[in-house]
Amino acid sequence: MNLNLTLIGQAIAFAVFVWFCMKYVWPPVMQALQERQKKIADGLDAASRATRDLEVAQEEANETLRESKEQAAEILDQAHKRSSQMIEEAREQARQEGERMITSAKSEIEQEVNRAKEELRAQVSRLAIAGAERILESSIDEKKHSELVDKLAKEL
Amino acid sequence: MAGNNQTPTEYIQHHLQNLTFGNHPENGWSMAHSAQEASDMGFWAIHLDTLGWSIGLGVLFLWLFRKAGKAATTGVPSGLQNFVELMVEFVDNSVKDTFHGKSQLIAPLSLTIFCWVFLMNLMDLVPVDILPMLAQKIGVMFGADPAHVYFKVVPTTDINATLGMSLSVFGLIIFYTIREKGITGFIGELTLHPFNSPNKLVQALFVPVNFLLETVTLLAKPVSLGLRLFGNMYAGELIFILVAMIGLWQLPLHFTWAVFHILVITLQAFIFMMLTIVYLSMAVEKH
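Here the protein sequences line up with chains A and B, keeping their order. The opening residue of the first sequence carries number 662 in this note's numbering; numbering runs sequentially from there. The opening residue of the second sequence carries number 259 in this note's numbering; numbering runs sequentially from there.
In isolation and in its complexed conformation, chain A is listed as follows (with noise of 0.2 Å):
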């Protein structure tokens, strides 16, 4: 248990090592250290602002379905009151249709009445001119007694 060189044997082995710690170990290790923090630290906010944008994504995917959805049901309320109305209007024209057909006939059918009459009046004119002339078997002034039976069709 003698003090000796040992000491300073020691001592100066203990310089050196401290001196190749501080030189060669210690700043390669905490540059990894404090690389990986950086690293780590990216890392985290990268995934907190990616945690963000799919809440926003979320919220824009969910507007976006719910307005597609209110167009398809503002969609359908269209055909809906489009195709009532075209059953409305189709009704309208047969309607129509029926309509105009009934009075076209009744025309048509009073036009065959008027011809008939008219018929009917020119034929009762000459029977009645050729009884006459039966009857009295002479002839008469034409002229003046068409003209005279003439008045009297028209007031059959």
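Calculated directly from the structure, the hints in this document are not laboratory data. For clarity, every value in this text was computed on a predicted model and none was experimentally measured. Possibly wrong hints are sitting among the right ones.
[To be verified] With a Cα cut of at most 20 Å, we get these calculated EDC-like pairs of lysine to aspartate or glutamate:
(1) B:K325 to A:D706
(2) A:K684 to B:E347
(3) A:K684 to B:E472
(4) A:K699 to B:E284
(5) A:K684 to B:D298
(6) A:K699 to B:D298
(7) A:K684 to A:E696
(8) B:K328 to B:E343
(9) A:K699 to B:E343
(10) A:K700 to B:E343
(11) A:K700 to B:D387
(12) B:K328 to A:E696
[To be verified] Quick list of the computed label-pair ranges, beta carbon to beta carbon:
(13) A:E720 to B:I529: 53 to 63 Å
(14) B:I497 to A:I669: 22 to 32 Å
(15) B:G310 to A:G704: 42 to 52 Å
[Stated by the list, open to error] The following residues of chain A were derived to be distant from chain B, with all beta-carbon distances above 12 Å:
(16) K684
(17) E696
(18) K815
Built from N, CA and C at the ideal position, the CB exists for glycine as well.
Start from chain A and add chain B according to the hints.
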């Protein structure tokens, strides 16, 4: 037991004697063949075992950490790198908690102290007879008398090793004090505390008292730092040697003491590191 037909006292003394090479007054530069020769060599002697083991362990520590440092990646760390980073962070946190000045030196210094002292203390857990017996065998091969091959494995049970480190720390304390406060600040710290007075005459009376007190305080730091480590490890080693003498029953006792000693070696390494940091931060901080 190492050696043949030793008395217990001889056995213990043999175990506590370093392998010494030095300048003997009669034999010149030679290996010491006995404790008496070793102490006759006085200051000009070297403990080959202490220096060999401490330098070897220091190189092992630096090699391991350098290897991990070179291969350090920023990705997921693997086994060795993980361990090294753990140690570095632990030491770095301890330094940051205690030392508030700016210094590139303190943290690597603390890491070196902690790991190196820990490794040197760890040699205490190697069964006390294995390495000395091996050394004896090798010594006999080189033609030495087996009784004269001394071998002390744990460097921190050699007071030269612990005082060598604590005196280096002492040098750093003085260096940092002077660097931070100047030579006048250093002298002022030694002479103007703890007693001071506005009265110049009274102050002049206080100066020698202060100087005495502060010098003792200053010198107590390295001495207590070195002796604490030395005392703990020496006592632990002595108990291992005593336990080794009691025959077969030594095994459970050895195991118990070794388990307890794991705590001691770690704690002593940690205390040495922490006190170094504390002393240096006291040197840097203003009162």
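Task: Unsatisfied constraints (hint numbers, rising) - done: 1, 3, 4, 5, 6, 11, 16 and 17
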